[in-house]
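Undergrad: If you want the building blocks of each chain, they are given just below.
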Amino acid sequence: MNTIQRNMSLTGEPPKTINTQQKIATVIGMTGLFILLLATFNVDFPAKTLWLSIALGAINTGIIWFSIAAYRSKHAGIKNDGVYFKSISGRGYLAWVLGLALTGFYIVLYFYPQYLGLTREGDNTGLIALFDPLSYLLSGNPASQWFVYGTLYTIAILAFGVKFMLKYRHNRYERLRTLSVMFFQASFAFLIPEFMARLNSDSFSLPYYDLKNIWPLNYYNFEQYRVDSFISAGDIGLALLLFGIASIFIITPILTYKYGKRWYCSWVCGCGGLAETAGDPFRHLSDKRMIAWKIERWVVHSVLVFVIVMTTAVVHSYLGEDASKYWLTKDVFLLSVGVFLTLLFLGIWFFKRKELEKDARYGAIGYLTIILILIGMHFTAGKTLFLFDAETLRSSYGFLIGAIFSGVIGTGFYPIFGNRVWCRFGCPMAAVLGLQQRLFSRFRITTNGGQCISCGNCSTYCEMGIDVKAYAQKGENIVRASCVGCGICSAVCPRGVLKLENGPLEGRIQGNEILLGNDVDLMKYVNKN
Amino acid sequence: MEHIVIIGNGIAGVTAARHIRKLSDKKITLISAETDYFFSRTALMYVYMGHMRWEDIKPYEDYFWEKNRLELRRGYVKSIVPKETTLLFDDGSHMTYDQLIIASGSTTNTFGWEGLELEGVQGLVTKEDLEALEKNAPNKKVCPHAVIVGGGLIGVELAEMLRTRDIEVTMLVREKAFWTSVLPHVEGALLSQHIQSHGVKIIHETNLDRILGDSNGRVRGVVVKESQEEITCNLVGITTGVKPNISFLEGSGIETDKGILVNRKLETNVPNIYAIGDCAQQRDPIGNRAAVEAVWYTGRMMGEVVAQTICGKETAYNPGHWFNSAKFFDIEFQTYGWVQPSSKRKDYETQFHWKHQDHTKFITLAYDKNEGTFLGINTFGIRMKHEVFDRWLTEDRSIDYVMDHLKEANFDPEFYAHYEHEIRSAFKNKTVTA
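Chains A and B are the protein sequences, given in the same order. Going by numbering that gives the first Met the number 0, the first residue of the first sequence is number 0, and it counts up by one from there. Going by numbering that gives the first Met the number 0, the first residue of the second sequence is number 0, and it counts up by one from there.
Chain B extracted, bound-state conformation (with noise of 0.2 angstroms):
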């Protein structure tokens, strides 16, 4: 029987094992350093704040593998011969594939600091920084100060987390506003006052310029590069991004960049081996998407993709019109299609702006000035249908045409109070614009 062997056992390598027991009778292994068990990466931050148990935050109950025949292995893969098609673990044994899947993730991305090796210095990705931050932050006796570098959804995930137990927290947020490398400046303005009425200090256009430590190795504190000044606290949160986790691969002639090269179909260069979520960097990138696509969603897309290609249906990885979602403090974030940043805008794209009185409700509609075409929406503060924007926007209908019918996208539960009028002849007047 065809052995299909796949590292990592997050929402990409769980996908695809599911989607190819589906297909198939092929036996299936999924390898994991981590866990013995799937959870929700999304989902480690509930758990130190007390919302759920670890057992909470796995998806399937533990007899779904079982009765599935997924065979799960605990270990960590050293290195992959693929002239053997082997793969050997650090504990010295081996076991040999037919097909391979590296659904291997992320790991934090840093900047190469001073003092990153500090005691109390941390990132928020895997289970193991969920445990090193019960440890080096179980309570504001033990954690009174925490300095937070990066103003991105890990950044605002942990200040979250870190309030709960009534930790001071500081951000250091490169730019003007918070996330604006995927946010227009007024979104990422709101963001930040909102953070900020949570406790937490946000000390914009700063960067982390060296961490200081005690003589027991353990942080004392931060050095900003802009205005040298330091910072006491007893724990760094680093937050500034995720890279692909693909240090072992080296050597084993898979050809990398940032991440896993592969092509449309989900294939490196050699033959039988697959990349796919986090790991994963498209050769070409596909539309506005970045190379890589470190999102729960295009993981999981990924893994639907790439079983159907390995029991034996050759497909191509074409995802859909982009979508993603956030939770910032009480702010919940949903976007379809592309409303891009500053930074990113073409010529062509126009944006609408509207925010409730209270701040904590707004949206932004993106379109083309030109053709009137409608083009992505980013709306915080109510919830939108899905399905509706997907198919406005593969139906290319125009601005016009959305806020007339934008009642139709409303996914707010029952009784909720509607802005879809006042929107439409804010819009209509243009008594707001960027």
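Looking at chain A on its own, in the form it has when it is part of the complex (with noise of 0.2 angstroms):
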């Protein structure tokens, strides 16, 4: 008798098998891939558009067919059915393959780009040569290695987009909200910079500006080389730059306080919007445990940490030391970032200090205060500014957050520890955005009275590791920092008690137990203990 424990839902027998059309799905999407693999390994296709257009045409048709036989001729509705069983979703031996496979594409993508065909001086070879074509039809100019990624990012997101509505067309959230991260990559992440490109010239001269990539996320935004550019570029420029710094302190307040950070996190970004269409497979990996909340909080959190003292670092290496020449100096700067941080600090400590949970409190105390005396160092013993300099600081965040953590770690490790590793542990802008949220918006996800019966299918499918059932089995609302409001935790409620909502503040976080259902007198002396 012991196949028994053995059966359990480990190695369960459910059909696994795919069915005729998405097998020959699979052939030609296979074959997409297959004629880039064979010109990174420099097979020289002669007519290069035409091969590109095959490839990628093949990629697309693959994925969007292969999505349509396999949910097409099914019911609409929740489609969760073997999702443990199957070797990719399940850490099997294809969900291992696809890991090693991933993370070898990023290292190589940021490390040995030359392996991909990147050329110094002259002309691309392989992989990068095959994109040339579609590179000089948008911008004017050959292609990197940023371009073929960026290539092949939008498609996942547009042919999984197609796979996600797909699978959730019974669900108009979800597929509104498909539609606009495919909208925000298409166009203002892949299209509208290779456009601006265009404009470049001798003497007019733009960086690459995704405009939906907000500082901190974007951590590069105010770096030397950018703000120059972006002043030299006249009123336009001025425009785009002011528009950054906008960005991060005006306008990404407003909407959070009004919609939560899903307005970003699940709807805009570009990161957001990979996990939610290819890391969709993925979403239950993500560690659900206390230990796992209570390690992302202080990650994250110090990831946040870290590039605001970079960004410091950086801005206050390249700006001047005469005010007659220019109001902000070095010291003007600094001070500012000083006070700001303390003020902020202030402001939360002031008003939202009960909200705070005691390691909270001890991180915002300890980091507040740690930066302080780093800047006090600096203009009383004429330290280097975080004791580092601000290139060595700007180049190890490139490295380990920028590349490692967000592409190695965050993306290739999708089949192994879920879609939002780098969204719940390593993204400053979710951090921001969670601060907010958690603190000043309106959004909540509310509970249905007494409905819930704790069977634990929003916490598993919830990619961001929130136990959602230990709040829905209370019937307390859900209010956390890290929730994206990808809406997925109230799609596959099978009894529907939950729902995102944005509402008046008062009441948004309830400590009580109020399970409806019971004698009311009861239920209010129970609350009142």
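No lab work stands behind these hints: they were computed from the structure. Take the hints with a grain of salt, since some may be wrong.
What the hints assert, rightly or not - Straight-line alpha carbon distances no greater than 27 angstroms define the calculated DSSO-like cross-link-like pairs of lysine-lysine that follow:
hint : chain 1 : residue 1 : chain 2 : residue 2
1    : A       : Lys473    : B       : Lys126
2    : B       : Lys264    : B       : Lys26
3    : B       : Lys21     : A       : Lys353
4    : B       : Lys345    : B       : Lys175
5    : B       : Lys139    : A       : Lys22
6    : B       : Lys126    : A       : Lys78
7    : B       : Lys312    : B       : Lys66
8    : B       : Lys82     : B       : Lys257
9    : B       : Lys66     : A       : Lys293
10   : B       : Lys360    : B       : Lys200
11   : B       : Lys134    : A       : Lys78
12   : B       : Lys257    : B       : Lys345
13   : A       : Lys78     : B       : Lys354
14   : A       : Lys73     : B       : Lys140
15   : B       : Lys77     : B       : Lys242
16   : A       : Lys382    : A       : Lys324
17   : B       : Lys21     : A       : Lys357
18   : A       : Lys293    : A       : Lys351
19   : B       : Lys26     : A       : Lys473
Once you've looked at the hints, go ahead and assemble the two chains, each given alone in its own frame, into the complex.
TA: Take a look at the structure:
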């Protein structure tokens, strides 16, 4: 009788096979990928435009046809059958192979682009050369490894976006949200920057700018070469620079107040876009344990502190000393940063202290103190600001956070750790929005009276690793900094318990157990205790 | 220190334990023969379907119990000796208590059919049942065809589970449509239609006669009572309801009928012994409620109540307005107040039915035709707010008021299409009636 435990959902034996159409679609899609692989190994394709079109067309067709074959003939509704039995979504062999392939791709992309065919002098070769025709068409320039990546990334969001919309075709919130990320990726992230590059000439040059990519996610936005370039590009450049500053300090707080961080993380953002589309089959793999939540809070807020320190140091490094030339000098800037952080801290402390957990208080006080001491040491003892050279901080951040965390681990490990590892543990933008969402937002997920049956679907399918049912089974609203508002908890709930809503701040967070159904007087009594 | 012992670690027992802990420092022990840790019984199906792993259907992480000083004891209580305030386990050990809460839940209800003992005949109530199902119906090769006896909530869950592994399913349903012992016929018929659209064969108005076995003691088919037709199958799912799990109480002096008889304070006839959840039977049924309520929510509510009494605040079980929920394949169901099936409907109850043309969204509102008072709602495919209906029922709102304010009760996700207007005008025109 030792067969029983073995079978319990770990090696269950549901129909794992795919249908004939799915097999054909897989062949088509893989053919497209194979062409790209051949190009990577320097197989020379004479008619690049044709072969690139064939390859990308085949990948698109493969994914979309596969999805249609998978979902079209089935009823509209939740499609999680066998998720834990399938090799690809159950951390099986296919998942590991895919994870290795993706991490390998990211390592080559970030650190060894020459293997993709990037050539410093002269024409591109290999895979990058294959993408030249498309790049010339859009921006008039030869392709780079980032152009190749951007194209594939966009295709992933668009094609898997179609898959996601078919999968959740009964759910209008999911469909609209997915259309939104597909639109922002295709236009703001991909096409518009390429077209903007066409405006550049010898006398006018804008940096590559994805307008929806906001600092601190776009950690290099205020680096010297970009700021110089913005300023030298006249009014348009200045407007873009001001837009970049307004994005984080004005636009973001307002939208997050009104709708929660979902307006960005699951409706606009490119990282979120990939996670929600191509990453959707892996959403259940996020760690739901309490310990993971604790680690998440320390790690993501530490990254936020890192990016603030790094940016401050970088901006400080290129500002002037002479106030008569330009009002914003090194000292003025540094003092403003110190004052801003202190005021922000005092504001939160004064109005919201009660809502902060003990570790959040320690963390906030600790980090602020360290930053202020370091700034003070710089002024009094003349130490290097933040002890390290600005360039060292910049390059370490770029390597550790920008490349390793967001790319190699964040996306490469989708099939192992889930699709939102970067967003949850690493993204400083998510940390900023999370603070706003937790403390100053109308957004919450409400629970429906006493209807929760603690089944665990909501927690399981939460990509951010929130133990949603822990709140729902107590009748509490869910107000968590990390919630990106993807709406899947509400979709998978079999009893109609969860709803994403924007509402008044009053009563948004209740600490009481309010489960309807029982004697009204008794519940009042229970909640008094 | 006073020792509170709870037999059963389901929703009723665990809720009682949690609330006693909130209110006191008493020593609390939860006993279970079934599992080490509390799990959500209503989520058993999702493990077989591959939506979740076993650990995902545990409502609390394993550290919870020690942190809250709730002692867990795995064991089967063989008998209770109230005189000595002692429990005897089947391994020979024993445990004493100061106060005892019996929350031993349900087992599969059968009607004594011939062949029940065969391998491949099972219910779907316990973890053991789930394990048996993995063995009996791992895939369509081992189990090409299953017969489910009984058209109720567990039956449809079992059908959905088996269909995810492409196993052919035939359901024997006693009534003319699905679950019409609880639902109005119109709704039952729409549900039958939906279930059939998922590839389940439903044979209405049939009963099981007997189960046939092969020479190895495995099931090979069933015989239908009405037609005496034989249906070949490899699995027989018995889902004709549940009954209180109380056989271990024989000879204990604790009074039982279908379940353990309790008064409104959930006390049995023996001092310091209480019964809650599926296994309890009210001596006098409360309102329209059944004497034995085998529902997740009522188990939880009784747990809340008994904790108060045990901690010194004598409290009667006084449930609020009836509510429940379920899901039939893709169609979610919620109910608030009472919408009676034809067998239980009183003369004054009138029902208004509305259905969307796609047949996956439909609702019934029941009201008093003399007074115009709203009595209850069944809603399928449209989520509605518990709190709002609870309030309207308390306020004795009229059906017209409910119709005019239906939008306030909507709980569907953002951007979903709304049907309140359509429902209201249909009601005003009375174009659709039962």
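Undergrad: Next step is simple, just say for each hint if it's right about the structure.
TA: Structure-based check of all given hints:
Between A:Lys473 and B:Lys126 the CA atoms are separated by roughly 25 angstroms; this keeps the pair inside 27 angstroms, and the hint holds. Distance hint between B:Lys264 and B:Lys26 is fulfilled; the C-alpha atoms sit about 22 angstroms from each other, no more than 27 angstroms. With a CA separation close to 22 angstroms, the supplied pair B:Lys21 and A:Lys353 stays within the 27 angstroms bound. With a C-alpha separation of about 21 angstroms, the suggested pair B:Lys345 and B:Lys175 falls inside the 27 angstroms cut-off, and the hint holds.
Only pairs whose Cα atoms come within 27 angstroms are accepted, and B:Lys139 paired with A:Lys22 is accepted, the gap being roughly 21 angstroms. Between B:Lys126 and A:Lys78 the CA atoms are separated by roughly 24 angstroms; this keeps the pair inside 27 angstroms, and the hint holds. Between B:Lys312 and B:Lys66, the direct Cα distance comes to roughly 25 angstroms. Compliance with the 27 angstroms bound is thereby established for this hinted pair. Pair hint B:Lys82 plus B:Lys257 holds up; C-alpha atoms about 24 angstroms apart against a cutoff of 27 angstroms.
Taking the CA atoms of B:Lys66 and A:Lys293, the gap is about 17 angstroms. The hint holds against a cut of 27 angstroms. At most 27 angstroms may separate the alpha-carbon atoms for a hinted pair to count; B:Lys360 and B:Lys200 meet this at roughly 22 angstroms. For the hint pairing B:Lys134 with A:Lys78, the CA-to-CA distance comes to about 24 angstroms; that is within 27 angstroms, so the pair holds. Taking the CA atoms of B:Lys257 and B:Lys345, the gap is about 26 angstroms. The hint holds against a cut of 27 angstroms.
Restraint check for A:Lys78 and B:Lys354: satisfied, since their Cα atoms lie roughly 25 angstroms apart, inside the 27 angstroms limit. As the CA atoms of A:Lys73 and B:Lys140 are separated by approximately 22 angstroms, the hinted pair is consistent with the 27 angstroms bound. With a C-alpha separation of about 19 angstroms, the suggested pair B:Lys77 and B:Lys242 falls inside the 27 angstroms cut-off, and the hint holds. Proposed proximity of A:Lys382 and A:Lys324 is supported: the alpha carbons are some 25 angstroms apart, at most 27 angstroms.
A C-alpha spacing of about 22 angstroms is found between B:Lys21 and A:Lys357, which places the hinted pair at or below 27 angstroms, so the restraint holds. Using a Cα cut-off of 27 angstroms, the hinted pair A:Lys293 and A:Lys351 holds, with the two alpha carbons roughly 20 angstroms apart. Of the supplied pair hints, the one linking B:Lys26 and A:Lys473 holds, its CA atoms being roughly 23 angstroms apart against a limit of 27 angstroms.
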